[in-house]
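K.L.:
Below, each chain spelled out in residue letters.
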Amino acid sequence: MSVAAGLVHDLVSGMAGILWLPAALVLAAAGAALVLDAFERPSAAVSAVGLAACIAAAICVAAALQAPLQQAVPGVYGGGGLAGAGAAMYALAALAAATGMRTLPNSVRGAAAGLVALSAVACQALAGAVDAVVMILALETLAIASYGLVSASGTRSSGEVAMRYFVQGSVAAGLLVFGLAGVVAVGGGETSYEALTASVASSPAAAAGVLGMLFVAALAFKAGAVPFHSWVPDAYETVEPGVAVFVAGAPKIAAVTAVWVLFVRTVWASETFADLRTAVAIAAAASVVVGNLAALKQARLGRLLGYSAIAQAGYALTGVAAGAVGTGLLVASYALAAAVAFGVASVLKEETGSDPRIEDLAGLASRRPALSAALAAAMLSLTGMPLTVGFVGKLWVFYGAIGAGLTWLAVIGALGSVVSFGYYGRVIQAAYFAEPQAALADTADEAPEAADEEPLQPNVSRPRAWPFVAAAAALVIAGVAPLVFGFEQIVRFFMV
Amino acid sequence: MHLLWLIVLPVAGALAVLLAGERLAPSRTLSLVVACAEAVLAGSAIARMLAASSPALSWAPGGVLGAVPLSLGLDGLSAPLVGLTALLTPVAVSASWQVADGPRAHHALLLSLEAAVMAVFLAADLVFFYVAWEAVLIPMYFLIGLWGHEGRRHAAAKFFLFTFLGSALMLVGVLLLIGHTGATVLSDVPRVLPLELQRAVFWLLAAGMLVKLPAVPLHTWLPEAHVEAPTAGSMLLAGVLLKMGGYGLMRIAAPLTPEAFREAAPALFALGAVGTVYGALAALAQRDVKRLVAYSSVAHMGFVLVALSARTPAGYAAAMLVMVSHGLVAALAFFLVGALYERTHTRSLEDLAGLAGPIPRWSVLFVFTALASLGLPALSGFPGEFLSLLESFRTFGWWAAVAGVGVLLAATYNLHAVRAAVYGDPVERWASLPDVSAREVVTAAPLVAGIVVLGVWPGLITALSDPAVSALIALVQGGGK
Amino acid sequence: MIALGLSCAVFALGLYGVLSRRDLIGVLVSVELMLGAGGILLAAAGAASGATSGAVQSIALMVLLLAAAEAAVGLSLLLALHRRSGRTRVDELSEVSG
Chain A
1 MSVAAGLVHD LVSGMAGILW LPAALVLAAA GAALVLDAFE RPSAAVSAVG LAACIAAAIC
61 VAAALQAPLQ QAVPGVYGGG GLAGAGAAMY ALAALAAATG MRTLPNSVRG AAAGLVALSA
121 VACQALAGAV DAVVMILALE TLAIASYGLV SASGTRSSGE VAMRYFVQGS VAAGLLVFGL
181 AGVVAVGGGE TSYEALTASV ASSPAAAAGV LGMLFVAALA FKAGAVPFHS WVPDAYETVE
241 PGVAVFVAGA PKIAAVTAVW VLFVRTVWAS ETFADLRTAV AIAAAASVVV GNLAALKQAR
301 LGRLLGYSAI AQAGYALTGV AAGAVGTGLL VASYALAAAV AFGVASVLKE ETGSDPRIED
361 LAGLASRRPA LSAALAAAML SLTGMPLTVG FVGKLWVFYG AIGAGLTWLA VIGALGSVVS
421 FGYYGRVIQA AYFAEPQAAL ADTADEAPEA ADEEPLQPNV SRPRAWPFVA AAAALVIAGV
481 APLVFGFEQI VRFFMV
Chain B
1001 MHLLWLIVLP VAGALAVLLA GERLAPSRTL SLVVACAEAV LAGSAIARML AASSPALSWA
1061 PGGVLGAVPL SLGLDGLSAP LVGLTALLTP VAVSASWQVA DGPRAHHALL LSLEAAVMAV
1121 FLAADLVFFY VAWEAVLIPM YFLIGLWGHE GRRHAAAKFF LFTFLGSALM LVGVLLLIGH
1181 TGATVLSDVP RVLPLELQRA VFWLLAAGML VKLPAVPLHT WLPEAHVEAP TAGSMLLAGV
1241 LLKMGGYGLM RIAAPLTPEA FREAAPALFA LGAVGTVYGA LAALAQRDVK RLVAYSSVAH
1301 MGFVLVALSA RTPAGYAAAM LVMVSHGLVA ALAFFLVGAL YERTHTRSLE DLAGLAGPIP
1361 RWSVLFVFTA LASLGLPALS GFPGEFLSLL ESFRTFGWWA AVAGVGVLLA ATYNLHAVRA
1421 AVYGDPVERW ASLPDVSARE VVTAAPLVAG IVVLGVWPGL ITALSDPAVS ALIALVQGGG
1481 K
Chain C
2001 MIALGLSCAV FALGLYGVLS RRDLIGVLVS VELMLGAGGI LLAAAGAASG ATSGAVQSIA
2061 LMVLLLAAAE AAVGLSLLLA LHRRSGRTRV DELSEVSG
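Residue numbers (the working numbering), protein chains in the order written: chain A, 1 to 496; chain B, 1001 to 1481; chain C, 2001 to 2098.
Next up, chain A with everything else stripped away, as it sits in the complex (with noise of 0.2 Å):
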């Protein structure tokens, strides 16, 4: 027992070693998903990813509170901040597992298991990448398991929704591509950042400038902002939510993390490149308003999800422009809290058979007081109100944007969550004030593809809620611990 005890202190306190370890493990969950599903055994390869999943996550905890940042792998860091952002990709890893993604049709529900563990392999990397090699690999191994996930769910709309987003992200693939030339050609072969940034310090201002556009513009595609956000709602509404846990954050956590990286710590960061970060100022704040203004409008959850993702996306973009502290820590909470929403819907969508439209949630705060309760907390902390994490990421990040003479993004911000109630409301007020309608049955006959997809299995257990429940709870309980106990922990956990 104590030889036990005595390699478990050794791992955690030689957390240096071991930053690879996460990643391995999924890798391994995500190789033996595949076998899994090669075996028709779906339940196990999705419980194989959710144990490794929230094994990774536990490790990465500890190593964010141990381990300063460090190398990890060759070409990837890891410890700190970017531990934290590791642990809130697995721990949305361990979500989408959990909830068994069982909206999806049988024969592909161990590959997309799969794929969801490849993408959190690939988010860790991207977010952690020192080399740009590194980056772009990861970015589009993450693009198409991502292209495969949206597809997933086998109907003729997301079939056509990957291929729009196919295109769209080739397109930025190409760009890539031609911004890693240009790093080879200022470079001189060198492509890690470190060299990077002195090649690109003593390179013409106009090349380099135009080199850093190419790979902001490529990664905030990623991340969802404005002017590259046309794939977001389509995407969002038509992947299965169970899926859509995972996908709604975890490659935004990655790709601000990578924009953060290289452009408030590395290769752009000087006061050259003055110019970059006002554009990335700029797309924030359309986002902003885009995400917010078009979402009002939206009638189905998942495409008002979609719409509030650019919204946040132009949040983080706005850290990113003012190196806010926060930035970390507001892409980590909208994802959890984007995450508990999906979690919902998915439960949702298992007992009813469709996707949820906002009117379909009346009643649901007597059907399902807890899992309501989640929902509401899941909103208002997308919202960013006091006494949820929500709030705690914006504070720090309007904070930071008036400290670095962005006064004026942080109001446009301020008044966007205001507006963003109008909307978050919507779906509070659905699940609480409605009075629930008996055309339940009703919603059967808006699912046209159903003669196109396998049919869902029969729902052999009650779908399982008690998980998003529980990040509902944590969304919460970190949003009023750092009253008491002060907001440097939870701020320092994702600071990178």
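Since the hints were made in silico from the structure, they are not lab data.
Yeah, the Cβ is synthetic: ideal placement off N, Cα and C, and Gly gets one too.
Careful, some of the hints might be misleading.
[As the list claims (entries may be wrong)] On the chain B side, residues computed to face chain A include the following (Cβ under 7 Å):
#1 Val1011
#2 Leu1070
#3 Gly1179
#4 Phe1393
#5 Val1448
#6 Ala1449
#7 Leu1460
Please arrange chains B and C on chain A, whose structure you already have, making use of the hints.
P.N.:
Okay, now just chains B and C, sitting in the frame of chain A:
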């Protein structure tokens, strides 16, 4: 530590009610016990504050944005409001005695609301103040939306959005302040800021507070919210939540940006004076008695603005008197209107007539409330309104006459309501209404007592608040630390 | 210089194809053109930078790998789409409003 309990006790009580209500004991009883305990606790805190050598209590485990926001303080400015909150909550709980539809959640929300409001009045740190300010919205939103009347959904959304908009601007102001001074604990913030910054910060902060107060023209959320809210919700909304606006202006906006406050004072006075007149006229035009009381809140809170824009110790004292008085009077008014609605299911002044016959005790209370609302000497409304007129005359000269018109008009709508509802020939329809029960009398009793006591002995409040008020005014007028 | 011009031209060709072609196969080919253009520039840049290590060659190979993976995914998406709806023209993708 004592002060922290004032916030923790209602929260713990809310959780207890949520978990154990209707099983161990009826949730209303549990809630009442907690609310009364809170009242006792508040009383002892105020007593300790008075007994302490420097009349202020504070509790802070840490201090800057990198550390802990939880920093609490009780001084003369917050003590009357803390006392008011502690007094009104058991009354509100008692007013909700008959709520049968989800009583656990209802009472838990009432207690959480009390905790949040206490946190606002006790906050000694800017971030904590803001958090508490916003936190108040959540239970109120659910109270209106779930137990309100027909238009509750729209009213709840409008209330939330309007107030949230003001608070969002307030957040920018708070962050500007913190960013520039590096301090978040109120006593640490230096008072000298560049004038440009002061102006920006003041108006951003004031945006949030004026919406809450509410100042005309930012008041449009109030009539709907008051009318659609359930009785206890309206009582706490009018009785306590509106005071947050005045308190915020006095505690935060004015002392931290004194020059900007000086420049803004005439504008604030104008808003207040217009509010007293507009609120009274609008109240006069109402056919719904609850809406009439709602507009009377707008009118009364106008006096708060008039008083504090005078920037003198007596002005602040007047504002405090008006706030406490209005808290008691409005709560009583909403309680009576709610009790009436439970019996008659109408709030229309055209239908209600001659109620003195069938329900004499209710009528007595209603007339009493109307007299207190119009500012009859010997009742609580008079000292505050009189002093505010005096101080604003001292500062703004004959412009104070506008507010004086507001006082006159206060009589018109109150007497109009009384004449329409209470007097006149008895109507067949209301002949057999049950009069106020013993429970309802007990509920109203503390409010009635408070109104009378405050009316004959306003010194009670001013003695409580004087030291703190003088200190604050020194900051406001001195303009430096 | 020539390589820069060439790669920009090919990229522009590819971009034009993506935006204007109405059949999805054409779009996929145009995507590959864009990635190829990047590869051209990469090779030229690598040669011009005079790097002696094999790093640049491996990067160029990696880009080829990337292009192949994208092609594979794109074609399988196209196949799936065709199998479900029989449509492979861009203007017929109308189930989901953009």
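K.L.:
Determine for every hint whether it applies to the structure shown.
P.N.:
Against the structure, the hints:
{"no.": "1", "hint": "Val1011", "result": "violated (10 Å)"}
{"no.": "2", "hint": "Leu1070", "result": "holds (5 Å)"}
{"no.": "3", "hint": "Gly1179", "result": "holds (5 Å)"}
{"no.": "4", "hint": "Phe1393", "result": "violated (38 Å)"}
{"no.": "5", "hint": "Val1448", "result": "violated (35 Å)"}
{"no.": "6", "hint": "Ala1449", "result": "violated (35 Å)"}
{"no.": "7", "hint": "Leu1460", "result": "violated (34 Å)"}
Hints 1, 4, 5, 6 and 7, counting from the list given before, are not met by this structure.
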